[in-house]
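Novice: The lines below spell out each chain.
Number of protein chains: 2
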Amino acid sequence: MAITPLKNDRFLRALRREPVDHTPVWLMRQAGRYLPEYRETRKRAGSFLAMAKNPEIACEVTLQPLARFPLDAAILFSDILTIPDAMGLELYFVEGEGPKFRHPVRDAAAIAKLAVPDMETELRYVMDAVRVIRRELDGKVPLIGFSGSPWTLACYMVEGGGSKDYARIKAMAHNDPKALHALLSVNTDAVIAYLSAQRAAGAQALQVFDTWGGVLSPAMYREFSLPYLTRIARELPRGEGSERTPLILFGKGNATHLETLADSGAEGVGVDWLVELGEAARRTGGKVALQGNLDPATLYGSPDAIRTEVRRALDSYRDGNNGSRDGHVFNLGHGMSPDMNPDHVAALVDEVHAYSAR
Amino acid sequence: MAITPLKNDRFLRALRREPVDHTPVWLMRQAGRYLPEYRETRKRAGSFLAMAKNPEIACEVTLQPLARFPLDAAILFSDILTIPDAMGLELYFVEGEGPKFRHPVRDAAAIAKLAVPDMETELRYVMDAVRVIRRELDGKVPLIGFSGSPWTLACYMVEGGGSKDYARIKAMAHNDPKALHALLSVNTDAVIAYLSAQRAAGAQALQVFDTWGGVLSPAMYREFSLPYLTRIARELPRGEGSERTPLILFGKGNATHLETLADSGAEGVGVDWLVELGEAARRTGGKVALQGNLDPATLYGSPDAIRTEVRRALDSYRDGNNGSRDGHVFNLGHGMSPDMNPDHVAALVDEVHAYSAR
Chain A
1 MAITPLKNDR FLRALRREPV DHTPVWLMRQ AGRYLPEYRE TRKRAGSFLA
51 MAKNPEIACE VTLQPLARFP LDAAILFSDI LTIPDAMGLE LYFVEGEGPK
101 FRHPVRDAAA IAKLAVPDME TELRYVMDAV RVIRRELDGK VPLIGFSGSP
151 WTLACYMVEG GGSKDYARIK AMAHNDPKAL HALLSVNTDA VIAYLSAQRA
201 AGAQALQVFD TWGGVLSPAM YREFSLPYLT RIARELPRGE GSERTPLILF
251 GKGNATHLET LADSGAEGVG VDWLVELGEA ARRTGGKVAL QGNLDPATLY
301 GSPDAIRTEV RRALDSYRDG NNGSRDGHVF NLGHGMSPDM NPDHVAALVD
351 EVHAYSAR
Chain B
1 MAITPLKNDR FLRALRREPV DHTPVWLMRQ AGRYLPEYRE TRKRAGSFLA
51 MAKNPEIACE VTLQPLARFP LDAAILFSDI LTIPDAMGLE LYFVEGEGPK
101 FRHPVRDAAA IAKLAVPDME TELRYVMDAV RVIRRELDGK VPLIGFSGSP
151 WTLACYMVEG GGSKDYARIK AMAHNDPKAL HALLSVNTDA VIAYLSAQRA
201 AGAQALQVFD TWGGVLSPAM YREFSLPYLT RIARELPRGE GSERTPLILF
251 GKGNATHLET LADSGAEGVG VDWLVELGEA ARRTGGKVAL QGNLDPATLY
301 GSPDAIRTEV RRALDSYRDG NNGSRDGHVF NLGHGMSPDM NPDHVAALVD
351 EVHAYSAR
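Protein sequences, first through last, are from chains A and B. At the far end of the first sequence sits residue 358, using the working numbering, and the numbering has no gaps. At the far end of the second sequence sits residue 358, using the working numbering, and the numbering has no gaps.
Simulated from the structure, these hints should not be mistaken for laboratory data. Just so it is clear, the structure is predicted and the values come from calculations on it, not from any experiment. A portion of the hints provided could be inaccurate.
Note that the list lumps identical chains together, so a pair holds whenever it fits in one copy or between two copies.
[Claimed, not checked] Listed below are the simulated DSS-like cross-link pairs for lysine-lysine, each with C-alpha atoms no more than 27 Å apart in a straight line: (1) K100 with K53; (2) K140 with K113; (3) K178 with K43; (4) K164 with K43; (5) K100 with K164; (6) K164 with K178; (7) K178 with K113; (8) K140 with K178; (9) K178 with K100; (10) K100 with K287; (11) K7 with K140; (12) K287 with K53; (13) K53 with K113; (14) K287 with K164; (15) K53 with K43; (16) K43 with K287; (17) K164 with K140; (18) K113 with K7; (19) K7 with K43.
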């Protein structure tokens with residue numbers, strides 16, 4: 001691929017904890033139903049999955065929020081559950097109920113049959129999307145590739161969909177931990193292969209979403225989620241020095257484990273809004289960049305209220321980071337929702353840039 | 001009321017951090033659908049609310065788990081949302097969807113109309129239930145009365161039911177904090193009057209459920225939940241010395257705030273499974289008793305797995321509490337679910353008593 005030099009590398013510099021002119025910002029689920037142009041495209045494509053599986057459409061919606069807001073990164077439009085889908089579990093969506101699998105895996109025998117999918121056949125549509133988006137971005141901002149974490153994938157694979165209490169996978173953790181570790185192990189192999197392939201296709205940063213790590217007790221997190229996140233951080237090949245592709249480990253409810261995550265080998269740690277950024281900065285001691293962490297529900301507040309909360313988060317980070325704003329990527333603590341107002345997003349992005357200008 | 005001396009005061013002694021022969025145990029939602037006898041009673045009564053509003057039936061189901069398991073406390077069979085129901089919001093239940101209110105309050109005008117209900121008229125059915133249960137318990141174990149916390153009540157009152165993201169109440173917190181504080185203030189007055197009335201009717205311990213405090217950022221928790229919990233702990237009249245009726249502040253996701261909760265004036269703090277009990281004990285430094293904190297999903301494990309986890313929790317507490325098991329009330333970190341196996345509950349209760357015997 002022809003390499004267009006990046007016009008805006010703030011996001012990558014912040015992940016290396018290098019000085020930047022102002023704090024970079026992107027928003028989880030920034031390409032989504034809150035945008036009328038997204039709803040138009042979706043109507044035309046028919047469904048979320050049809051959009052994600054068509055590289056041209058995935059590219060179109062990836063770029064939509066960048067046309068509206070001066071965001072500092074693009075994120076591949078895709079789903080966290082593409083890997084189990086490619087493993088044969090068959091992902092589908094029921095309106096209002098979230099993702100489901102037609103063939104959940106619930107015992108050691110089913111788990112033993114799972115294999116790492118081939119990235120350039122079964123998951124070729126993802127790699128093609130990365131390639132098309134990189135071309136169309138033309139160096140405007142970096143492109144983030146991503147995957148679900150081994151534990152989070154396993155939650156959906158065993159439960160067959162979302163869950164209130166994760167009864168099935170927690171029962172497996174207690175009654176057949178060996179089977180669960182086998183599942184987490186093949187998931188980890190697959191995530192490493194998947195992120196490597198996205199990087200080869202052109203992704204300039206990589207994020208792992210450990211959306212459900214926070215449902216585990218500290219002891220169970222240390223057994224069933226953390227070791228696999230650490231293996232990804234250590235084993236994922238991603239270059240050296242300023243050419244290194246940064247890896248961000250995002251986890252809902254990961255506040256208890258920040259010190260360990262900072263030692264995992266990842267370049268960045270993403271946190272939700274249940275921890276003060278200043279405390280997170282103190283506890284990670286400059287070992288990683290931090291990404292976060294406005295409560296997404298703040299976007300239901302007025303633009304003035306949003307600006308106040310943005311300033312509070314920026315200052316909290318700075319206060320915990322020895323007075324420096326370096327090493328911070330601004331984001332929400334979780335994804336956006338369909339009923340949010342694009343004008344409020346504009347206020348958020350504007351305030352991040354204006355208030356954090358060095 | 002004729003006072004029958006308590007035959008088992010382990011629970012009350014543990015809340016005073018006094019020595020006991022073994023760690024007391026009760027389980028949130030121990031009277032519930034996982035028991036076939038409960039399902040029988042419910043079929044006869046027609047609905048959950050019909051059961052809660054009939055003192056004889058409320059008494060019957062309160063006592064059911066005590067007939068099966070050697071639990072160390074009974075908890076009033078009721079709902080956390082009785083107060084707003086009595087305020088006129090009209091509580092109802094939709095099968096599979098949880099509690100809802102017919103008349104949610106969504107602005108300052110609606111909030112200004114709310115008043116503390118009269119405890120011996122509008123909430124007489126609760127006080128009658130407490131009186132009947134005390135009589136029927138006949139001193140077997142202490143009876144716990146309870147209420148939702150001001151913030152948790154407000155969540156349901158503003159959202160009109162459960163919520164995924166608490167968009168409405170968080171919008172109110174940002175856009176009209178004065179109105180939200182007015183709501184929290186009348187809720188706090190009502191909770192204090194409600195718990196006082198339950199105590200007068202015979203409740204021997206009181207618990208406040210701050211089920212949704214954990215959806216708030218630390219700054220918002222300190223503004224919208226904590227001050228009201230503290231006001232309850234300080235202002236609720238409950239006697240002195242060994243006659244004092246202990247108050248337990250339970251909160252899902254309250255791990256960030258344990259030090260402050262320990263200073264609130266409450267006798268006990270209940271924690272969920274997202275914090276190690278040992279860490280909670282170290283951080284609260286013997287100022288309060290601790291209640292918790294097995295992940296309820298542990299009950300989906302085998303009896304052997306349950307016993308292992310019970311021992312781990314008991315030892316974690318002891319290790320953080322200078323080698324002593326005193327000051328610990330064993331419980332789950334959240335309520336039980338209908339699909340749990342009563343035999344597994346038996347194993348849990350047995351292991352708590354056997355392993356913690358002094």
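Novice: Which of the listed hints are broken here?
Specialist: Failing hints, ascending: 2, 3, 8, 10, 12, 14, 16, 17, 18 and 19.
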